[in-house]
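Asks: Throughout the first sequence, residue numbering follows full-length UniProt numbering, covering 1 to 282 in sequence.
Derived by calculation from the structure, the hints in this document are not laboratory data.
In this text, all values refer to a predicted model and were calculated from it rather than measured experimentally.
Glycine residues also receive a C-beta, built at the ideal position from the N, C-alpha and C atoms.
There could be a bad hint or two in this list.
Said to hold, decoys possible - Cβ pair distances, simulated, as ranges:
| id | residue 1 | residue 2 | range |
| --- | --- | --- | --- |
| 1 | A269 | E40 | 26 to 36 Å |
| 2 | T191 | N249 | 28 to 38 Å |
| 3 | Y215 | F164 | 16 to 26 Å |
| 4 | R120 | D165 | 13 to 23 Å |
To be verified - The calculated DSS-like cross-link candidates involving lysine-lysine, where the alpha carbons are at most 27 Å apart (straight line), are:
| id | residue 1 | residue 2 |
| --- | --- | --- |
| 5 | K219 | K36 |
| 6 | K38 | K219 |
| 7 | K36 | K88 |
| 8 | K252 | K219 |
| 9 | K88 | K38 |
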Amino acid sequence: MRIATWNVNSIRTRHARVVDWLVREDVDVLAMQEIKCKPEQFPHEAFEAAGYEVVAHGLNQWNGVAIAARHPITEVETHFPDQPGFLKGHEGPDLPIEARALGATVGGVRLWSLYVPNGRTLADPHYVYKLDWLAALTEYTRAETTGRPEVPFALMGDFNIAPFDVDNGDPAVRVGVSTHVSPEEREAFFTLENAGVADVVRARVPEGLYTYWDYQQLKFPRNEGMRIDFILGSAAFAERVTDASIHRNERKGTAPSDHVPVLVDLADAEGDDEDFDRPMFL
DNA sequence: ATGCCTCCCGTAGGGAGA
Numbered sequence: 001m002r003i004a005t006w007n008v009n010s011i012r013t014r015h016a017r018v019v020d021w022l023v024r025e026d027v028d029v030l031a032m033q034e035i036k037c038k039p040e041q042f043p044h045e046a047f048e049a050a051g052y053e054v055v056a057h058g059l060n061q062w063n064g065v066a067i068a069a070r071h072p073i074t075e076v077e078t079h080f081p082d083q084p085g086f087l088k089g090h091e092g093p094d095l096p097i098e099a100r101a102l103g104a105t106v107g108g109v110r111l112w113s114l115y116v117p118n119g120r121t122l123a124d125p126h127y128v129y130k131l132d133w134l135a136a137l138t139e140y141t142r143a144e145t146t147g148r149p150e151v152p153f154a155l156m157g158d159f160n161i162a163p164f165d166v167d168n169g170d171p172a173v174r175v176g177v178s179t180h181v182s183p184e185e186r187e188a189f190f191t192l193e194n195a196g197v198a199d200v201v202r203a204r205v206p207e208g209l210y211t212y213w214d215y216q217q218l219k220f221p222r223n224e225g226m227r228i229d230f231i232l233g234s235a236a237f238a239e240r241v242t243d244a245s246i247h248r249n250e251r252k253g254t255a256p257s258d259h260v261p262v263l264v265d266l267a268d269a270e271g272d273d274e275d276f277d278r279p280m281f282l
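Modelling step: build the complete structure from the supplied sequences, incorporating the hints.
Replies: Written as structure tokens, this is what we have:
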């Protein structure tokens with residue numbers, strides 16, 4: 001099973017390009033972020049014509065997450081437990097929960113499409129929201145990975161954090177000045193990993209290969225990008241990963257997203273190997 | 001540098017992205 005994540009930056013603008021990539025790369029499951037539309041606005045037809053079922057969660061023109069799959073999508077959740085809300089200019093415990101998380105089970109794997117809050121600036125309430133959001137995700141991850149460790153579990157998406165210096169190639173993004181690289185954000189990321197998930201891509205792709213390049217200032221031609229999109233898998237997930245790739249070419253050409261897809265290959269579950277479903281003597 | 005680029009809503013110009 002081939003599973004990917006991609007911040008598409010508007011699925012209505014990008015659906016042809018996304019579906020082309022899914023078909024070309026023979027992808028079974030795609031977690032999308034920043035679809036920037038409501039479910040009824042999602043271009044379902046383009047995905048269905050290519051054989052994909054889609055579950056989308058979007059409340060307005062901001063954020064929005066979705067999962068497309070060539071297998072049935074079940075046990076859908078539109079937020080994780082205690083996921084914090086946010087409303088600009090407001091504080092308190094009862095703010096609206098944004099469309100930044102979508103959980104689903106596909107092919108026996110528990111997946112989340114996640115769009116971690118940006119943070120905006122180090123002094124912005126959005127930055128506090130980002131850290132709170134990651135803390136709640138950490139507790140949920142701990143509960144899942146310890147509660148049912150046998151179920152392959154993966155957090156996939158745009159984490160808006162460059163965990164290591166090598167993940168930031170943009171000289172305008174600097175520790176002490178910018179979000180995405182602060183010690184607090186990096187600590188939150190590592191604490192999340194310590195709750196029971198590991199980056200299953202890093203050891204399989206070259207360091208310095210980014211997943212995002214700003215549209216401005218020729219950031220892509222200059223290769224001044226950041227690696228901020230990740231697939232974090234539980235032990236049961238990680239042990240089935242056989243390959244991983246970052247599809248840099250999807251930043252090229254006409255009307256690209258500012259992010260590119262990240263893909264992993266998952267071996268079939270033991271006793272569920274597709275090869276063994278075939279007749280042995282033909 | 002309140003800049004640059006792109007997308008949203010709505011039809012001008014502001015919010016958001018990172």
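Asks: Against this structure, judge whether each hint is valid.
Replies: To see whether the hints hold, each was checked on the structure:
1. Checked against the given bound of 26 to 36 Å, the beta carbons of A269 and E40, roughly 35 Å apart, stay inside it.
2. Checked against the given bound of 28 to 38 Å, the beta carbons of T191 and N249, roughly 34 Å apart, stay inside it.
3. In this structure the hint that Y215 and F164 lie 16 to 26 Å apart at CB holds, the actual value being about 24 Å.
4. The hinted window of 13 to 23 Å between R120 and D165 holds, with their beta carbons roughly 22 Å apart.
5. Among the hinted pairs, K219 with K36 is consistent with the structure: their alpha-carbon atoms are about 23 Å apart, no more than 27 Å.
6. Note on K38 and K219: the hinted pairing is violated, with a Cα-Cα distance of about 30 Å set against a maximum of 27 Å.
7. Of the pairs offered as hints, the one joining K36 and K88 holds, with about 18 Å between alpha carbons and a cut-off of 27 Å not exceeded.
8. Annotation: proposed proximity of K252 to K219 holds, straight-line Cα distance about 12 Å (limit 27 Å).
9. Between the alpha carbons of K88 and K38 the distance comes to roughly 20 Å, so the proposed pair stays at or under 27 Å and holds.
In this structure, only the earlier hint numbered 6 is contradicted, and the remaining ones agree with it.
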